Amino acid sequence: GAVVSQHPSWVICKSGTSVKIECRSLDFQATTMFWYRQFPKQSLMLMATSNEGSKATYEQGVEKDKFLINHASLTLSTLTVTSAHPEDSSFYICSAREQGLEGYTFGSGTRLTVV
Amino acid sequence: AQSVTQPDIHITVSEGASLELRCNYSYGATPYLFWYVQSPGQGLQLLLKYFSGDTLVQGIKGFEAEFKRSQSSFNLRKPSVHWSDAAEYFCAVGPPSSASKIIFGSGTRLSIRP
Numbered sequence: 001g002a003v004v005s006q007h008p009s010w011v012i013c014k015s016g017t018s019v020k021i022e023c024r025s026l027d028f029q030a031t032t033m034f035w036y037r038q039f040p041k042q043s044l045m046l047m048a049t050s051n052e053g054s055k056a057t058y059e060q061g062v063e064k065d066k067f068l069i070n071h072a073s074l075t076l077s078t079l080t081v082t083s084a085h086p087e088d089s090s091f092y093i094c095s096a097r098e099q100g101l102e103g104y105t106f107g108s109g110t111r112l113t114v115v
Numbered sequence: 001a002q003s004v005t006q007p008d009i010h011i012t013v014s015e016g017a018s019l020e021l022r023c024n025y026s027y028g029a030t031p032y033l034f035w036y037v038q039s040p041g042q043g044l045q046l047l048l049k050y051f052s053g054d055t056l057v058q059g060i061k062g063f064e065a066e067f068k069r070s071q072s073s074f075n076l077r078k079p080s081v082h083w084s085d086a087a088e089y090f091c092a093v094g095p096p097s098s099a100s101k102i103i104f105g106s107g108t109r110l111s112i113r114p
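Residue numbers (my numbering), protein chains in the order written: chain A, 1 to 115; chain B, 1 to 114.
Everything labelled a hint here was simulated from the structure, so no lab data went into it.
Nothing here was measured: the structure is a model prediction, and the numbers come from that model.
Ideal Cβ placement from N, Cα and C applies to all residues, glycine included.
Just to be clear, a hint being listed does not mean it is correct.
[As the list claims (entries may be wrong)] When the alpha-carbon atoms are kept at most 30 angstroms apart in a straight line, the in silico DSS-like pairs for lysine-lysine are as follows:
(1) A:K55 <-> A:K66
(2) B:K61 <-> A:K41
(3) A:K20 <-> A:K64
(4) A:K20 <-> A:K66
(5) B:K101 <-> A:K66
(6) A:K14 <-> A:K55
(7) B:K68 <-> A:K41
(8) B:K101 <-> B:K49
(9) B:K101 <-> B:K61
(10) A:K14 <-> B:K49
(11) B:K49 <-> B:K61
(12) B:K68 <-> B:K49
(13) A:K41 <-> A:K20
(14) A:K14 <-> A:K41
(15) A:K64 <-> A:K41
(16) B:K101 <-> A:K64
(17) B:K61 <-> A:K55
(18) A:K14 <-> A:K64
(19) A:K20 <-> B:K61
(20) B:K49 <-> A:K41
(21) A:K41 <-> A:K66
[To be verified] Computed Cβ-Cβ distance ranges for the label pairs, DEER-style:
(22) B:S72 <-> A:F39: 20 to 30 angstroms
(23) A:T17 <-> B:A17: 43 to 53 angstroms
(24) B:S106 <-> A:S9: 22 to 32 angstroms
(25) A:G53 <-> B:R113: 48 to 58 angstroms
[As the list claims (entries may be wrong)] Short derived list, chain B residues pointing at chain A, Cβ under 10 angstroms:
(26) Y32
(27) Y36
(28) S84
(29) E88
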């Protein structure tokens with residue numbers, strides 16, 4: 001079945017630094033990937049839709065300059081949290097859907113802690 | 001407006017007992033419906049999905065769900081829970097288009113009583 005690999009699984013960074021999270025579709029091509037953020041004991045909130053070869057579409061209230069998304073190939077999307085602050089600490093999850101198939105495959109998530 | 005409601009925030013059941021997690025949705029057309037499970041610190045795993053056809057859907061780990069159009073519901077059931085079923089469960093709805101987003105419910109945390 002479709003597999004989405006997300007890396008790293010967890011990361012700790014200092015305030016003011018930037019962190020990049022990768023999301024790869026391992027055995028299929030994904031023209032669209034989705035990035036979610038999940039606060040403790042809460043549901044997933046869609047941050048943005050990543051489109052291969054074009055600009056990402058951000059949800060209302062998500063700072064596009066803070067959460068940079070790049071979808072340079074059909075198998076890789078990256079989320080960069082720029083100038084991270086402690087309030088950016090969260091669980092970030094990506095997902096993708098193989099063209100022509102039904103259902104969404106999720107990565108295993110990245111736990112970001114900003115200190 | 002499109003929405004998914006999981007009215008139960010936290011449910012505790014005894015091991016071996018039956019389980020039903022509720023999910024109601026509001027959507028313009030018949031959506032694709034999903035149930036996902038999330039263990040602590042992990043990503044989401046698909047339990048089952050409904051697109052069309054038989055309204056009773058079988059999934060992995062012994063779970064099933066029934067789509068009831070008249071009630072706009074897609075409740076998840078399991079006849080006998082195991083301690084390993086303790087996790088967070090999310091109901092989600094999505095459109096047929098692969099480029100469009102899915103909407104998640106707020107989740108139901110399942111605890112298992114020994």
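Status of each hint after checking the structure:
1. A:K55 <-> A:K66: Distance ~14 angstroms between K55 of chain A and K66 of chain A Cα, so the pair holds.
2. B:K61 <-> A:K41: Holds. K61 of chain B to K41 of chain A sits at ~23 angstroms (cutoff 30 angstroms).
3. A:K20 <-> A:K64: This hinted pair holds, its Cα atoms lying about 14 angstroms apart.
4. A:K20 <-> A:K66: 12 angstroms, holds
5. B:K101 <-> A:K66: 21 angstroms, holds
6. A:K14 <-> A:K55: Cα-Cα ~28 angstroms, so holds.
7. B:K68 <-> A:K41: Holds, because 28 angstroms separates the two Cα atoms, which is no more than 30 angstroms.
8. B:K101 <-> B:K49: 15 angstroms, holds
9. B:K101 <-> B:K61: The hint holds at about 26 angstroms.
10. A:K14 <-> B:K49: Between K14 of chain A and K49 of chain B the Cα gap is close to 40 angstroms, so the pair fails against 30 angstroms, i.e. violated.
11. B:K49 <-> B:K61: 14 angstroms, holds
12. B:K68 <-> B:K49: 14 angstroms, holds
13. A:K41 <-> A:K20: It holds: about 24 angstroms lies between the C-alpha atoms, which stays within 30 angstroms.
14. A:K14 <-> A:K41: Holds. K14 of chain A to K41 of chain A sits at ~24 angstroms (cutoff 30 angstroms).
15. A:K64 <-> A:K41: 25 angstroms, holds
16. B:K101 <-> A:K64: 18 angstroms, holds
17. B:K61 <-> A:K55: The given pair, whose Cα atoms are some 39 angstroms apart, is violated under the 30 angstroms limit.
18. A:K14 <-> A:K64: 21 angstroms, holds
19. A:K20 <-> B:K61: 34 angstroms, violated
20. B:K49 <-> A:K41: 23 angstroms, holds
21. A:K41 <-> A:K66: Since the Cα atoms of K41 of chain A and K66 of chain A sit roughly 24 angstroms apart, the hinted pair holds (cutoff 30 angstroms).
22. B:S72 <-> A:F39: 20 to 30 angstroms: Cβ of S72 of chain B to Cβ of F39 of chain A: about 27 angstroms, so the range 20 to 30 angstroms holds.
23. A:T17 <-> B:A17: 43 to 53 angstroms: Holds - the Cβ-Cβ distance for T17 of chain A and A17 of chain B, about 48 angstroms, lies within 43 to 53 angstroms.
24. B:S106 <-> A:S9: 22 to 32 angstroms: 25 angstroms, holds
25. A:G53 <-> B:R113: 48 to 58 angstroms: At 51 angstroms between Cβs, range holds.
26. Y32: 7 angstroms, holds
27. Y36: OK, holds: Y36 of chain B within 10 angstroms of chain A, min 7 angstroms.
28. S84: 18 angstroms, violated
29. E88: Interface hint status for E88 of chain B: holds (8 angstroms vs cutoff 10 angstroms).
Of the hints listed earlier, those the structure fails to meet are numbers 10, 17, 19 and 28, in rising order.
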